[in-house]
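Undergrad: Residue numbers (the numbering used here), protein chains in the order written: chain A, -18 to 295; chain B, 4 to 383.
In short, the hints are calculated from the structure, not lab data. Keep in mind it's a predicted model, so treat the numbers as computed, not measured. C-beta atoms are modelled at their ideal positions from N, C-alpha and C, and glycine is treated no differently. Among these hints, one or two may not hold up.
Quick list of simulated restraints, FRET-style, between CB atoms [stated by the list, open to error]: (1) L206(A) / G49(B): 28 to 36 Å; (2) R256(B) / G(-4)(A): 18 to 26 Å; (3) R256(B) / S(-2)(A): 35 to 43 Å; (4) R182(B) / R199(A): 56 to 64 Å; (5) A249(A) / R260(B): 53 to 61 Å; (6) Y63(A) / E368(B): 28 to 36 Å.
One side of the interface only, derived from the structure: several residues of chain B facing chain A at Cβ under 7 Å [unchecked claim]: (7) A42; (8) E52; (9) S64; (10) E67; (11) P177; (12) G310.
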Amino acid sequence: MSEPRDGRRGALPPGVSSAGDLRELLRRFDYLADEGLAIAIFLALRLGRPLFLEGEAGVGKTEVAKVLSRMLETPLIRLQCYEGIDVYQALYEWDYARQLLHIRAAEAFGGAEDRERVERDLYNREFLISRPLLQALEHKGPSPPVLLIDEVDRSDDEFEAFLLEILSDFAVTIPELGTIRAERPPVAVLTSNRTREVHDALKRRCLYHYIEHPSFEREVEIVRLRVPEAEERLARQVAAAVQRLREMDLYKPPGVAETLDWTEALVALGAKELDERLVRATLGSVLKYHEDQQRVTASGLEELLAGAGRMAGG
Amino acid sequence: MAEEEPAPRMVAAAVAFGRVLRGAGLSVGTERLVGFARALEELDVGRREDVYWAGRVTLTSRPEDVEVYDRAFEVFWERGAEGAPPRRREAELRIPEPEDSVMPAKETVEPDERGEEAVGLRYSPVEVLRKKDFALYSPEEFAELQRLLADLRLSGALRRTRRLEPARRGRHDPRRTMRSAMRTGGETVRHRFRRAKDQPRRVVLLCDVSGSMAPYSRALLRFLHAGVISGGRFEAFSVGTRLTRITRELSTRDPDRALRQAAGAVRDLSGGTRLGDALKEFVDRWGQRGMARGAVVVILSDGWDRGDVAVLAEQMRRIRRLAYRVIWVNPLKAAPGYRPLAAGMAAALPYVDVFLSGHNFESLEELARAVAAAAENGRR
């Protein structure tokens, strides 16, 4: 599969030859990446290496995979990790119900003398159910799919070791069928909320980027881009209030996802600018813990608004 | 995918930078450096940002690495390679030897006189050691403790497995039903079943390393080490004026090296205690996001807190809501007539399921049993 260096483009979309180009293209697909993230994505696509994204919940890690799939016009294959996930749920499983039916049918029509043949048939491709990882490896098309391995920190060590193997070779061996190798490695994006440390060996295989909460100006831009119905003034006030909330000592500081939820809720209520009544009515869309809501309410919504107002620039 | 060799010029730059990073305390292997060299080829090496990010995405893997990386980057790329490589701050303190402890070490319990019998001679020291307060241990006895701990069966020592095992009843097992049906010509004479094996719960150990715990923290940290290397789902933290996660440092099998590494990571050894704040940091950063959820949380501390007791109580309430069981281990509890007078201890007790002493090996055995009982209850 090695192509001459100059002809190699990895999975970069046409017209993109630098991280700057890519950043511009991402923006056209409504994703504002800062320079570090743009370079990380550029390198991941160009070098064909998995991208490991870490950061607080709601900073837009999963969004990266989604926007890549739209940008590259290729399917998004998602594997949601959880405690106890194993190879069968991630890779493939035999369709036992159909296999049983097949045996019964063979018996009814052909008798049992062909047992060996029946047995061979049973482990044919048609009885195999592909789960996300196999789907990603087997994908046929002009460009490789985007494989999102979401919240990998929720899985356990054994599964990590297995992922390491898959992500190193982009190939898998199924005993009954042989080795299945991806024509071109999928664009792999792994995310982690950092509830625990993912093994270094797995991270080493990937390009690593830690996504921080966006700056005030960037968050305003994100809100304007994603909720265009929101007026500039409202967008600035919301972004400023969220920035302040993040500085407060909360159980769950709001992420970009919450900022957008909040803005949408406010727009739905016809808000032109923030006031105390509106904040009170919509606080649940930005703060998801009762204790956090209490804390913010107790410390004074006027103060939050005043601070936000100053920051938003009147 | 055949990976191409990066250009020698880039490799040379990467290797030189790698040396600076290693001096600064980041562990960067050859594989990472090759990755860095290849990344450089794809970017504009004349631009600071490109070089900076190429290195950051290939050579770091944790947010904590960034500070170290930034300093090394500055030294290497901006001040020129001849600048002195920055050093990671050395640990300020080491784990106190027993001699350093406030209690008189040595002397006291000698093997008793009746030790003339051969068997008695062999076993009595161990028996004595099991009951001896850690604060009174000699260095040789700490070595012996290591051997005792090696035999301690921690719940996690059960090989954790996600596999389902054959069982008389439970979930239908199509795979095995299939195989047995093959033998009878496709007739499913017997259905097979399986169920999940017992899976121990995650165990989170939070060990107080403040000054007042000094006589005990050495032994308790060894207990943490025994847990982490048991192959189970143990997480270890040190708690003092701040919170330090030491699971990685303790995961080396060699106990002395593990403790040295932990001591290197813990910067507030034998300092003060801000138990409430440290627990808050634990719940905020790790616990609530999943680590404490359904876990067995073990806090090893005498409960002295120089911070706000209300903070401690609130954090204990949060931990209680997240965890499956909360176990508190306080070496002072062993003293006759002990009452939880420390304000922190009194505030925490209402949220504690099991209250143990942990002042000698025997009580650590009791702790191991309590952890195992709670952890193995965790069939899902």
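Undergrad: A separate judgement is required for each hint: does it hold in the structure or not?
TA: Comparing the hints with the structure gives:
no.	hint	in the structure
1	L206(A) / G49(B): 28 to 36 Å	31 Å, holds
2	R256(B) / G(-4)(A): 18 to 26 Å	53 Å, violated
3	R256(B) / S(-2)(A): 35 to 43 Å	49 Å, violated
4	R182(B) / R199(A): 56 to 64 Å	57 Å, holds
5	A249(A) / R260(B): 53 to 61 Å	59 Å, holds
6	Y63(A) / E368(B): 28 to 36 Å	35 Å, holds
7	A42	5 Å, holds
8	E52	6 Å, holds
9	S64	4 Å, holds
10	E67	10 Å, violated
11	P177	3 Å, holds
12	G310	14 Å, violated
In this structure, the hints that do not hold are numbers 2, 3, 10 and 12, in rising order.
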